[in-house]
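K.L.:
Model the placement of chain W on the given structure of chain S, informed by the hints.
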Amino acid sequence: MNWFPNDVARRARAAGNFAAAVMLFLMVAFFRTQIMRHKQWVFQSEGNRLREVPIPAPRGTIYDRNGKIIAENVVGYTVSVLASSEDSLRGTLNRLASTVPLSSIQLDRAMQRYRQSPSIPTLIFSDASFNVVSVLEEHRVDFPSLMILTGPRRHYLNGPAVQPFVGYTGEISEEELAQSQFAGYRAGQIIGKGGLEKEYDAVLQGREGSRFVEVDARGRVVREQDTQARLPLQAESLQTNIDLDLQLFVARLFGDSLVGGAVAMDPNTGAVLALYSAPSYDPNEFIGGVSFAYYDKLLNDPNRPLYNKALQGLYPPGSTWKLATAILGLQEEVITTESRMPQQCTGYYYFGDRAWRCWEKAGHGSLTLTGAIAKSCDVYFYQLGLKLGLSRLVAGGAKLGFNRKSDIDLPEEKRSIYPDRLQYFNDKYGERGWTNGGPALNMAIGQGDNAQTIVNMARFYTALATDGSSAKPEIVRAQPQRTRIMNLRPDQLADLRTAMVGVVSAGGTAASAALTGVTLAGKTGSAQTSSISGGKGKECDHAWFVGFAPVESPKIVVSVLLECGGHGYVAARIASAIIGKYLGITPVALLQTEGNE
Amino acid sequence: MRYRGAVSMDWPLVVSALLLSMYGIAIVYSAGQTDIPTYVERVWRLQVLWFALGLGGAWAISRVSLRMLEWIAVPLYAVTILVLFYLLFFGRGAGTAESSKSWLMIGGVKLGQPSELAKITVVLLLGKLLAASKAPPKSLLDVWRPALVVGVPWLLIMGQPDLGTAIVFIGILFAMLFWSGISWKLLVLLASPIVSLVLGGVTQLWGSWFLLLLALVIWYKPFPWEGAIFVAANLATGLIAPLLWDRLRPYQQARLKTFLDPSLDPRRSGYHVIQSQVAIGSGGWFGKGYTDGTQKRLAFLPAQHTDFVFSVVGEELGFIGVTLALGLFLFLFLRVIRVAERANGTFSSMVAFGLLASWFVHVLVNVGMTLNLMPITGIPLPFFSYGGSFMLSSWLAIGLLVRIAHEGRGSRHAPGLA
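Chains as they are written, first to last, in our numbering: chain S, 46 to 642; chain W, 126 to 543.
Calculated from the structure, these hints are not laboratory results. It is possible that part of the hints are untrue.
Not close to chain W: a few residues of chain S, all C-beta gaps over 12 Å, as computed [to be verified]:
#: 1; residue: ALA54
#: 2; residue: SER129
#: 3; residue: ASP261
#: 4; residue: GLU476
DEER-style ranges, computed between Cβ atoms [what the hints assert, rightly or not]:
#: 5; chain 1: S; residue 1: GLY92; chain 2: W; residue 2: GLN378; range: 38 to 48 Å
#: 6; chain 1: S; residue 1: SER162; chain 2: W; residue 2: PHE215; range: 31 to 41 Å
#: 7; chain 1: W; residue 1: LEU364; chain 2: S; residue 2: HIS184; range: 30 to 40 Å
#: 8; chain 1: W; residue 1: TYR376; chain 2: S; residue 2: VAL267; range: 26 to 36 Å
#: 9; chain 1: S; residue 1: PHE175; chain 2: W; residue 2: LEU174; range: 51 to 61 Å
#: 10; chain 1: S; residue 1: GLY61; chain 2: W; residue 2: LEU364; range: 21 to 31 Å
#: 11; chain 1: W; residue 1: GLN378; chain 2: S; residue 2: VAL87; range: 25 to 35 Å
#: 12; chain 1: W; residue 1: ILE206; chain 2: S; residue 2: PRO163; range: 44 to 54 Å
#: 13; chain 1: S; residue 1: GLY61; chain 2: W; residue 2: ASN469; range: 18 to 28 Å
#: 14; chain 1: W; residue 1: ALA353; chain 2: S; residue 2: GLY61; range: 32 to 42 Å
#: 15; chain 1: S; residue 1: VAL267; chain 2: W; residue 2: TRP269; range: 54 to 64 Å
#: 16; chain 1: W; residue 1: ALA177; chain 2: S; residue 2: GLY61; range: 28 to 38 Å
Computed from a predicted structure; not experimentally measured. Quick reminder that beta carbons are idealized off the backbone N, C-alpha and C, glycines included.
Looking at chain S on its own, in the form it has when it is part of the complex (with noise of 0.2 Å):
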């Protein structure tokens, strides 16, 4: 041991130095941790114990034309969890599954929903039944990361009556967060996810609020941060022109048996009064994530309920579309009203290398057109038909909007079948396949290569109504919308009217659809499956009219399609107790003898 007193002082004055400058070094660390990085440590400080609750905004209220609601807010409940990781998430959803009915599809997304936003409460059951919270709150102790809480829940007074337009809403979806549409929405938000609900969504959404709860390290809700609290902004209200009562009768009418659809405008302004389509379905099941018994059974139905027949259902227009042939007729004045064909009806009409049958076996004789709209014959239209040629009706048919969406304000709507040009059928029946004529005669029939939606129909209509404008069909009120599609003299539109209302008088194809008091008119139809529609598979014939009263003014068309509903007399009965109905007036079932189609 080296002991001389200078070397032990030399060693003391090294040891104490080199302590200094440890523990200078040391300050030096805590000075550049807590002075020069502060800001940044005191964010991570508050992110760490801090954590955003979003306060979902009650979405916008539906009124119908007479401020009826449509579609409300009530209370409900919802449950979530404040997970720390994916792993304590994970444990806490595997005990909360023994306590209350968990499916694995149910924790799967609560899962994902944690992956996509992990710093918010991880929503689980984003509409708990009052069982669930009541078993919950009694086991509030083994689930302190459990957030229960009440929020706005969508409710449909009458569900199915509404479903066919309103739509339901539900949970935002992986994919429809990716799309840009739904940039700035975040996982786990309630969204339209049909009909009015998704068409105005970004009008109903209203603003998100949210409000800042300190956690501990276990996610433990220690206290609320009441400082920092934004409140949700509830959206304005939706005001729409369906009238609720007629909404409501037009689904009694269709009942449980009938399967179709059915919308009734005003043609003045394009008002749509009413929507349905039969069956329908309750959204109400919808709301906070459909059972799988119930969405299961919808599917299976055979007349598929999920499939909307006024929007999305393509039908060949049949008889009803020969007022636009007349229209063309009139138009490029191959005809006038009062024309009669060069062949009258006796049931055939022998063309090329076979006979084109009209409806009516024993034939109408001379017809004028509007003979021949009131009955139907299928055997003068043939001979307008080849007048008018392929290219014509063609031509015709897209000016008068057949091959186009009636631009409705649904998100579900299809566009028309309606060849646009003549190459189609030169690419279906062959270069000039088709000069023969036999498209020329199904075409000017309504079958063929033609299928329309019920809506569509009734846009069409309008026009007739009115002064050859269509109005475009809206739920929701706006500017009406009108376009001339026509270029009719007011003589000839009232030549055609009187015509149609033949169709609903004795002697008519519809007689029986007939309204005391007030005078209807409309056209009959019935189509073939078998052609292009999207029916069911099983061949029969769909029954529509399409028709306004009262015929001096119109304030309502009403077009109809019963799927398989066979004779086109029937649908007019709907649609005569959907307009009866609106103007006020009960129907008279007239024993009339009426044409059978």
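P.N.:
Leaving out everything else, chain W in the frame of chain S:
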């Protein structure tokens, strides 16, 4: 100037230790103040009890003459080795180190962690050994005995396993060799295999170090066989480092890896040190206020009353509180160096410096760990961390130092009242 039975008091030393203990107890109390109370809420009372026991122990040990201590150093050491050996088979874990065997348990009662007291007995025996030789160690031959004195308990503690405490023993060995007046070049050569071991993972680093070492060997000119041993030892440790790495337990590997990059595993191994940095960093100049640290209150800060007690100081009392604590530690260290310098015997001087080394390594590693400057080794902070054995052994050390100061040459203090 001396009265029979009265021991003069090195007041600055005792007061700084008292202030550190009271500061520490206040922080342990605060550590228990969490939003959702745990058992930690009550431990401050136990800490006060251990503090009182420590004061009593210090008083008692300050009455014992150093000759007596020098005499019983060998039997104490023997007992220590026996107890540590016993622990290898019957030791128990506790708290965050549940799987280790550092606790002595007899009759179902946890008595304490003998490795804390082992630090003192090793310091005593090492002091006796180094004081016995007339000259400081000149070669490897002179070093093997001190190395053995530290090596045996070191191996036994590594076997518990308690890496942190084992590091303290190495610190004690090197510090006491330094204080004995060993040539610094020999000290570097002695330390070189350890450096090789640490750098062994990275070939380039180790290669550079090895070249430096060769230069030092040529300059220092030790005995040829000695130089050969140093070179061979460096080669060996450098080569086995990767193998040794594989033999480390997964949690040890994880700790070392996350030391290099805490963000590697922010949820598990890196969690502790990140939360500690968040707590300290968010404290700022003056802290969030005593007992009001949010990281601590909301339980984000792990082991807030033991390993990471200093993070509570940083969060609640800010840079000012940190500076105060580190300043008190530095004052204590300088005072102990003074005691060692003025001790009237080589044994007592060596012991004083050994005790200093123990505290110093504890403070450096523990405080460094809270800022990720040191790997997490679970080593407590003297006078702060909750723990009976360490509080007791620290105050026994203070008692020893009071005695050394009392007997020391040039002690010009008024006689104490104790």
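K.L.:
Taking the hints in turn, state whether each one holds.
P.N.:
Cross-check of the supplied hints:
| no. | hint | result |
| --- | --- | --- |
| 1 | ALA54 | violated (7 Å) |
| 2 | SER129 | violated (8 Å) |
| 3 | ASP261 | violated (4 Å) |
| 4 | GLU476 | holds (71 Å) |
| 5 | GLY92(S) x GLN378(W): 38 to 48 Å | violated (29 Å) |
| 6 | SER162(S) x PHE215(W): 31 to 41 Å | violated (51 Å) |
| 7 | LEU364(W) x HIS184(S): 30 to 40 Å | violated (59 Å) |
| 8 | TYR376(W) x VAL267(S): 26 to 36 Å | holds (30 Å) |
| 9 | PHE175(S) x LEU174(W): 51 to 61 Å | holds (53 Å) |
| 10 | GLY61(S) x LEU364(W): 21 to 31 Å | violated (39 Å) |
| 11 | GLN378(W) x VAL87(S): 25 to 35 Å | holds (33 Å) |
| 12 | ILE206(W) x PRO163(S): 44 to 54 Å | holds (52 Å) |
| 13 | GLY61(S) x ASN469(W): 18 to 28 Å | holds (20 Å) |
| 14 | ALA353(W) x GLY61(S): 32 to 42 Å | holds (37 Å) |
| 15 | VAL267(S) x TRP269(W): 54 to 64 Å | holds (59 Å) |
| 16 | ALA177(W) x GLY61(S): 28 to 38 Å | holds (32 Å) |
Consistency note: the structure conflicts with the earlier hints numbered 1, 2, 3, 5, 6, 7, 10.
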